[in-house]
Every structure is written in structure tokens, then in C-alpha cells.
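Sequences listed follow chains A and B, in order.
The letter at position 633 of the first sequence is residue 633 when you use the numbering used here, and the numbering goes up by one with no holes.
The letter at position 175 of the second sequence is residue 175 when you use the numbering used here, and the numbering goes up by one with no holes.
One or more hints might be untrue.
As the list claims (entries may be wrong) - Residues from chain A that face chain B, not an exhaustive set, calculated with beta carbons under 10 Å:
| hint | residue |
| --- | --- |
| 1 | E268 |
| 2 | T269 |
| 3 | E327 |
| 4 | A589 |
| 5 | G599 |
| 6 | A603 |
| 7 | E609 |
| 8 | A635 |
| 9 | Y638 |
| 10 | P640 |
No lab work stands behind these hints: they were computed from the structure.
Idealized CB from N, CA, C, for every residue including glycine.
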Amino acid sequence: MTAAARAPADPATLLWLAVPLLLVLLPYTTHLSAWISLSWLGFALLGLNGARRRRRPLGRVTLTLATLAGVAGVIIDYGGVIGPGGGLALLAFLSGVKLLQTETPRDRIGTLFVGCFLLVGHFLETQSLPHAVYMILAALALTAGFIAIQTDDCAAPDRIKAHCILAGRLLLQALPLALLLFLLFPRLQGPLWNLPQQGTARTGLSDSMSPGDISRLLESDELAFRAEFAGAQPDSSQLYWRGPVFWEYDGRAWRSIGLPPPAPVRAETFGQPVRYSLTMEAHRQQWLFLFGLPEPLPPSLPDRRTFMTPDLQWLTREPVGQRLRYELTAYPDYRLDPVLDEVSRRRALDLPEAINPRARALAARWRAGAGSDAAIVEEALRLFRQERFFYTLRPPALGTAQVDDFLFETRRGFCEHYAGSFVFLMRAAGVPARVVTGYQGGEYNQLGNYWIVRGRDAHAWTEVWLDGRGWTRVDPTAAVAPSRVERGVEAALPAGERPGGVIALDGAWLRPLRLGWDVLNNQWNQWVLGYNQERQRRLLARLAPWLADWRGMVSTLGIGAAVVVLTLALVLFGRRPPTASDPASRAYARFCRKLARIGIVRAPAEAPEEYARRAAGARPDLAGAIAGITRRYLALRYGPPRPGAPALLKRAVRDFRPSRHPPASIRR
Amino acid sequence: MNPALHRALDQINGVLLGKETQVRLSLACLLARGHLLIEDTPGVGKTTLAHALAQTLGMDFHRIQFTSDLLPADILGAAIYDRDSGGFTFHPGPIFAQVILADEINRASPKAQSALLEAMEEGQVSIEGETRPLPTPFFVIATQNPGDQAGAFPLPESQLDRFLFRVRLGYPDPAAERALLKGEDRRELLAGLRGVLTPVEFMAAQRAAREVHVADALLDYLQALIGASRSDPRFATGLSPRAGLGLLRAAQAWAYLAGRDYAQPEDLRAVLPAVVRHRLFPAVGLAQADDDWAARILLDIAIP
Numbered sequence: 001m002t003a004a005a006r007a008p009a010d011p012a013t014l015l016w017l018a019v020p021l022l023l024v025l026l027p028y029t030t031h032l033s034a035w036i037s038l039s040w041l042g043f044a045l046l047g048l049n050g051a052r053r054r055r056r057p058l059g060r061v062t063l064t065l066a067t068l069a070g071v072a073g074v075i076i077d078y079g080g081v082i083g084p085g086g087g088l089a090l091l092a093f094l095s096g097v098k099l100l101q102t103e104t105p106r107d108r109i110g111t112l113f114v115g116c117f118l119l120v121g122h123f124l125e126t127q128s129l130p131h132a133v134y135m136i137l138a139a140l141a142l143t144a145g146f147i148a149i150q151t152d153d154c155a156a157p158d159r160i161k162a163h164c165i166l167a168g169r170l171l172l173q174a175l176p177l178a179l180l181l182f183l184l185f186p187r188l189q190g191p192l193w194n195l196p197q198q199g200t201a202r203t204g205l206s207d208s209m210s211p212g213d214i215s216r217l218l219e220s221d222e223l224a225f226r227a228e229f230a231g232a233q234p235d236s237s238q239l240y241w242r243g244p245v246f247w248e249y250d251g252r253a254w255r256s257i258g259l260p261p262p263a264p265v266r267a268e269t270f271g272q273p274v275r276y277s278l279t280m281e282a283h284r285q286q287w288l289f290l291f292g293l294p295e296p297l298p299p300s301l302p303d304r305r306t307f308m309t310p311d312l313q314w315l316t317r318e319p320v321g322q323r324l325r326y327e328l329t330a331y332p333d334y335r336l337d338p339v340l341d342e343v344s345r346r347r348a349l350d351l352p353e354a355i356n357p358r359a360r361a362l363a364a365r366w367r368a369g370a371g372s373d374a375a376i377v378e379e380a381l382r383l384f385r386q387e388r389f390f391y392t393l394r395p396p397a398l399g400t401a402q403v404d405d406f407l408f409e410t411r412r413g414f415c416e417h418y419a420g421s422f423v424f425l426m427r428a429a430g431v432p433a434r435v436v437t438g439y440q441g442g443e444y445n446q447l448g449n450y451w452i453v454r455g456r457d458a459h460a461w462t463e464v465w466l467d468g469r470g471w472t473r474v475d476p477t478a479a480v481a482p483s484r485v486e487r488g489v490e491a492a493l494p495a496g497e498r499p500g501g502v503i504a505l506d507g508a509w510l511r512p513l514r515l516g517w518d519v520l521n522n523q524w525n526q527w528v529l530g531y532n533q534e535r536q537r538r539l540l541a542r543l544a545p546w547l548a549d550w551r552g553m554v555s556t557l558g559i560g561a562a563v564v565v566l567t568l569a570l571v572l573f574g575r576r577p578p579t580a581s582d583p584a585s586r587a588y589a590r591f592c593r594k595l596a597r598i599g600i601v602r603a604p605a606e607a608p609e610e611y612a613r614r615a616a617g618a619r620p621d622l623a624g625a626i627a628g629i630t631r632r633y634l635a636l637r638y639g640p641p642r643p644g645a646p647a648l649l650k651r652a653v654r655d656f657r658p659s660r661h662p663p664a665s666i667r668r
Numbered sequence: 001m002n003p004a005l006h007r008a009l010d011q012i013n014g015v016l017l018g019k020e021t022q023v024r025l026s027l028a029c030l031l032a033r034g035h036l037l038i039e040d041t042p043g044v045g046k047t048t049l050a051h052a053l054a055q056t057l058g059m060d061f062h063r064i065q066f067t068s069d070l071l072p073a074d075i076l077g078a079a080i081y082d083r084d085s086g087g088f089t090f091h092p093g094p095i096f097a098q099v100i101l102a103d104e105i106n107r108a109s110p111k112a113q114s115a116l117l118e119a120m121e122e123g124q125v126s127i128e129g130e131t132r133p134l135p136t137p138f139f140v141i142a143t144q145n146p147g148d149q150a151g152a153f154p155l156p157e158s159q160l161d162r163f164l165f166r167v168r169l170g171y172p173d174p175a176a177e178r179a180l181l182k183g184e185d186r187r188e189l190l191a192g193l194r195g196v197l198t199p200v201e202f203m204a205a206q207r208a209a210r211e212v213h214v215a216d217a218l219l220d221y222l223q224a225l226i227g228a229s230r231s232d233p234r235f236a237t238g239l240s241p242r243a244g245l246g247l248l249r250a251a252q253a254w255a256y257l258a259g260r261d262y263a264q265p266e267d268l269r270a271v272l273p274a275v276v277r278h279r280l281f282p283a284v285g286l287a288q289a290d291d292d293w294a295a296r297i298l299l300d301i302a303i304p
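Next comes chain A alone, as it looks inside the complex (with noise of 0.2 Å):
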């Protein structure tokens, strides 16, 4: 190996593989060690600094200890190289070392091909709709560096806009097959990209309800779910969306003892139903969310084993840890458990002994006045309705007897504090009554007929059973703010303390903006990232039926890229003979091509006679075919028109047959 070709990259191409690694990098940023983030840059000034004075900028031997120091700190840092998260990391150091070995093309295209790696990591992360455009521009920028460092001058800066131009016709050309493959390829159970979740954040509801829970999730924007309604929309205070049930009340919170035994939910319907599809997002919970009676009873998913509960509550076994898409009919109207059994009585009665005396007290006066439980649930509405309570997420800290304070002393909470000492008054007068959370209402989206549902709609309400009625819903947050159930949280909460941010988002300017983005993301959602196997066979189907069985899609995919990738390179490649109108030219061309094959081949600037001569000097026992072919066409492409002429070049390039070898006799 020669010096020269030990000598670092000029700084212009450090710069190619620089820059684009840098933009794949940059969202890695956020959640990479600080240390490997800072120690890439200054691998970077380091490796520009040594392009500049075209020197190695370090040894072999601390190149080594970097990166073995390097491995021990991402080991240390995530416990190991292999997955998401060790993995990614030690490639994003390593990118960073490699800008200090820039000597041979092997080691500029090897770090690119790192960089591609590190982008297609992203879609680990992460796969909403910003992050792909970002990662179409990171393709172009390392597509645009593949071109650079083959080209011998990167350096002008015109170039840099030719390459990325160029870059860009590639992707482009790239699209169609990726299209095909994207539609035909064969989908497995779940997205690609599916790997064991990293830890367990949950969001949205919890499986027990204490005060502070739902106010955290009312101040976020935080998406739920989307759900889309075939036909007319209901009315936004008709929404409600059936989550975790809760039984049992220990004085602070209200949980659910486990979870009940699957068992066949006794219900009635009545009316029409109505068609929903809900998307939800991963919430690492178990719930479903659901409105209405569904029908079928349970309903079921394709790919996931799903139960319900006598309370209706839907569950799947295993938590929902990426996007789900179900689709469902319903009832809206429903009469559930219309006979209460002695199990579920007593555990709708229960109350924990001694607390909240002022609370009972109350209750048993209703007990004592009224005829029927209806009567008594018109009592406690009554209380909410006449005294003076307010709705705020920000109520004062209650003491130990939660619900005597709240009831006579601050007055001041949101829906759960209004659910739970609902159930608690219901219970201590003898109505048998339990917690229902989930989500209220939702915003609706005009632009794409949906209904977004959001952190801030949680909500938490009751159902109290009546002799003949069954379960009842009765809200008693409705009471108190009715804006809260027709038009949302906000609507509900005094001036003060409507969230920041959101009010800002809602500018009425800002509103079909937003509203279109979600549409966007949504539409991403459903076609893009849910296009699971369920999806595919269905669109499939509806063009061929044949395509929706594995092998009709292999097959066509195999036919569909061939055909893209002649179609193709005859576009690509047709372009290039630019004369083959004239004889003279594509005759011509067939000589070069013949002459080509014997290893002689024509540089485009080569003018006919130059090429001639080198030809002839090479296989001195062709001189006298190649000159004449030479001399023909030289004739008829520049010289004044002569008739029958093109016919006697055409013969002489169809008998010029010039072997590989020269004859013996002139080999020396």
C-alpha cells in the first residue's frame, strides 16, 4: 500500500459521510448517552481536523482502546450490544470511530451502510408520520453521500445540489418497488418491527381509581383512541366509553379484588345498533374499550384472545403494547343483568366498616323517606345539583374520612370524586352501585368523520342497579357540570384552569389545522403502519381474489418487481445511444460494442479516428477493417450526403468479426 493511499479522505468527502450520519443520528439524540452523542462529535472534529492535513488523526493502538473503551461503556451504560437498545448504541459509537478510518473506499462505504442501519433502527422507536418524513430526508442525504465519495470531485459546491438532485431521481426510482413490495409482500402476525417492549410506562386508566389519578390524565393531550362510526354519529354526551369497573372501596381508593371470572354477560337490547371501528393506541393495559352492548357476545379479535367480563368489561390477555384496530356492532341501548344474583348484590353493597359517618348518616335518612332506590338516586342527584359544588381538577386535599369532607366540607372535585362518593351514598343507603371509568365524549373530527379521544376525556361515572332496569348508568359529574358531558372537560372547568396548552392548540384559527394533521396521522395509522395481514387480505381480495393467499402474492410480487425493474432500466438504459436515429450512428455503436468486446473500448470523448488508431495499434491484424470502417463512417456522419453508402458500412461492421486473441502468426 502506498502513502497516498494511506492518507485519511479529503475533507470534502469526510464531509459526505459526516454530515449524512449526523442527520440519522440527530433524533438518537434524545434518548442515546449523553457520552456517545459527545464523544461522536469530537470523533468527528477529530477525523475533519485530519482530513484537513491529510493525516491518520490517531494511532492504530488508541484507535483500539476508543473503542474498546466504547464497547465497556455502552455495556455498562445498557447492559449489553445485542437489542434495541445496546445494539443502537454501540452502532452510533462506532459510526463515530469509523469517520477516523476513512483510508480505502471499502471504509467510506462501509460507514455509510452503518448510517443505513442506524436509520432503519428509527422505526424501533419509532413510526409516526414527522419521524418517516425525516428519515425520507436522512435516505436522501446518505443516498447523496453513496454518490459523492464514488465521484472523484465532491469538493465544489454545486455538486452538493447535482448529488442530492441525482440522490433524489434514485429514490424515486426506488419508489415503485418499494410500493409493491410494501403492498404484496406477505405480512406476518403484527408489525415488523415488533420487538419485546422495553419497560412498562402505562398510560391511561389504571386498574384502581384514587383521588389524583384521572386529574393527571385530564391535563394531558395524550391520544386514546380514534373511533370512526358507520352512519350517523351519536351525540357527543351519549359517548361514553366503558373501561375498568370498579367494586370495591377501601376509605381511599376503589379497585377491582382481581379480576372477575370470565363469565356470560346477561344483557338485554333494544333498538338499532350501530357500527364502530376503534384504533387505540398502546396503552400497555388490559381494557378495550367499548361502547354499547357488542354483538356478538363476547366479541372477539382476529389475532388476539380476548374476554369479557359479567360487568362488561373487555379484556385481552396479553396488554394491548402496540396500536389496535377493532371493529364492532353495538347496541347503544342495553339492559344489563336485569336479575342481580346474591354474589354481586353483596359485593355492590359492600362497604368498609365505620367511616365517612356523616355520609351514612345522610344515606339512611334517605333510606328512611324514600319508597323505592330510584327515589334515593333522585335524592343524591338533588344534593349535587342544589348545593354548591363546583367542578375544578384542582380540589383541596380531603382528610381521612374522604367522603364526609368532600360531601360537607370542600365541595370542590371532579368526576371521581363525584363517582366514588355517588357509590359510596348509594351503597350506605342499600342501592346496589359501582364505579365505571373510561373515556366521555371526544372531539370530533369533521375532516375525516371520526372521533378523537384523548388523555383529557377520562372520565369516571356510576351505575347503580334498579329493580327491573338492571345496571343503570347515572352520572353524577352531570349533575354538577352538564358542559363537562356535552362539551367536553374544558368546557366544565372554570376560567382559571383550563390547561395551557390546549387552549393555545384550540385557537379557532388553529382548529381545522390541527384537525387535518390528526387526519393525516390517522389515515398513516390505519394504511400504513396498521396494515397488518388482516388489512392486506382484505384489499387483496378486493382486487383479485386470488391475490389474497400467500402464494398469489409471492407470485405477483415476483412478476410485479421484474416488470418494474425492465420497465425501468428500458427507460434508464433506452436513454442512452442519443443517435440511434441515424444508420451511420447505430452501426457505428455496433463496432465499438464488438471492439469493446475484445477489451477496446471507446471513451466517450474519443473522437472515430483516434480510436481508430488506438485500436489498430493494439491489434495491428484488424489496421486495415478498422480503418476502413473508420474512414465509411466518418464519411457518412459528417460528410455531405452520398446514396447507398449506409448499406455498404452496415456490411463491412456485420463481417467485422475480430477475435479475442490475434492470430499466431502476429502474436509475439
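Add chain B to chain A, keeping to what the hints say.
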């Protein structure tokens, strides 16, 4: 090939030894009705070449030695009071000849230079309000010492553009040098030269060269070259339309000298260095590697 031109080439090559290419280029330049700029260090035979050309083509020949105190009137001539006739008589300057050797043109002041260059462009001179035509054919063969020598006024680019070719002679190779050292005195040789052609014959040759067939395919190549000179960022400015036309005429002349009735890419490529050498300059910040730096870039353009 025109036999008379062949003989002319032979005769000049007999005086200027070992410079066949340059001699051929010079003759092609004159055939294409262009003016010739010869640049080199003193003593390599610039004057000999100019002189031999003029003698061989049977044209009358004037030599103007450009110096820093040369005035336009010294070139063009002046009206001088004549006591006998009592009026002003015009005394024509040395420019009134068919071949002008403007020796060391970059030694003169810009004023004197421009007097010559205007005559070159117009084919006539205006003196004291009277326009006087110059003889035909009219050639200027200018010689120039390389600009970095002391006391020189390098020609500006606009004036360089008026010369069709810039030719560099260079030192003779050892064999030619040996022949030169052993041979007769050059001045005597020059004096002994006879015209091989008459000016009328030469003008006919010029017309014939102009008739050389130019195919569209050749124009494609020529335009590719011109386009490249204008779009390549390494050049400060591209080739002017005048340069492009000159390139075409020169290629035709070259083809005519080769005895062909059509021009082909090789002809363009042969004259290209002499045409672009004094017309293309490196963009700001780029160093010019050598004389034929620009030609090498253009010769790398693919032939359509």
C-alpha cells in the same frame, strides 16, 4: 489536398524546422481568415514563421516593431503637409500591407495596440475623417512575449478574442535543433523564398475552405463543446459566439488542409487548443495548471 498548399507547407517547414503542427495551424488560421497570435520567448522563430508565411503566400509584408513609444500614427500613417503641392498628402503607415507582422505587440501602449486591433476587426482604417480600405487578404500575425516579462502590456481579453489562434512555438526538439545549427543562415533562407501561391489563388483556397461540408452531427459536437465551456464552473467565462464561429471555420480549414470535403470531430479537436488557449481562463480561486488546461477539459466532453 490542394497541391499548392502542400508545397507551401513544405517550403515553410524547410525554414522553420521541426514545427510541422504549428506551421499547419498557422496556415489553417490564415485559410480561415483569422489573425494569428504567436506567443513565446524571444528567439524561437516567431518572426521567421511570420516572414516565411508571407513570402510563401506571395503577399506583401510589413513588419511593425511594437515599442512602448509607438504611436497610432506610426502604424496607420499620417497626412503630412507637402510644400510643393501646398496641401496635405497622406503617407500610408506600415499597416497597408497584406501581411502585417506585429512584433512584440505587448510591448506597445494600449493606445497603439488598439489602433492595430481596430484595423484587424474592420478591415479598414479611418484617418483624419477619411476611411481607407486595407488590402485584401489582410492578416495580422502578432507575436507576443509571455506576459510575465518586464515592461509588457498584456492584451486584454476582449482584444485577445480577435485573434483566431494563439500558437506557441516552443523549443525545437534535439534533431531539429541540430539541423538548425548545421544549416544555412535563416535570414538568407528567407530571402531566397519564392511565392508558391498568388494572393488570388490563396483567396480561392479560402473560399474553398469555407465550402467544406459541415454536418449537423458536427454542429452538435461543437455546441456541446461551447455549452460545456459556459456551464463548467472551472471557467471564468465561456466561449463567445465569435469564438464558436471561429472554431468552426478553423475546423473547416483544417479539414480542407487534410484534403477532405467535410469536417469531422478530429478537425475540431485539432484546432481546439489553439482557439481556446487565449479565451478560457480559470474561475476565481482556481489555479491554471498549464497552457492547455482548458483544452484538456473540453476534449473530455463526450462526442455526441
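Tested hints:
1. E268: violated (82 Å)
2. T269: This interface hint is violated because 77 Å lies over the 10 Å limit.
3. E327: Violated, about 59 Å.
4. A589: Violated, because the Cβ-Cβ distance from A589/A to chain B comes to roughly 12 Å (cut-off 10 Å).
5. G599: This hint is violated: G599/A lies away from chain B, its Cβ roughly 21 Å from the closest one there, beyond 10 Å.
6. A603: OK, holds: A603/A within 10 Å of chain B, min 8 Å.
7. E609: holds (5 Å)
8. A635: holds (7 Å)
9. Y638: Where the cut-off is 10 Å and the nearest Cβ of chain B is about 4 Å from Y638/A, the hint holds.
10. P640: At about 4 Å, which falls below the 10 Å cut-off, the nearest Cβ of chain B leaves the hint on P640/A intact, so it holds.
This entry does not satisfy hints 1, 2, 3, 4 and 5, going by the numbered hints stated previously.
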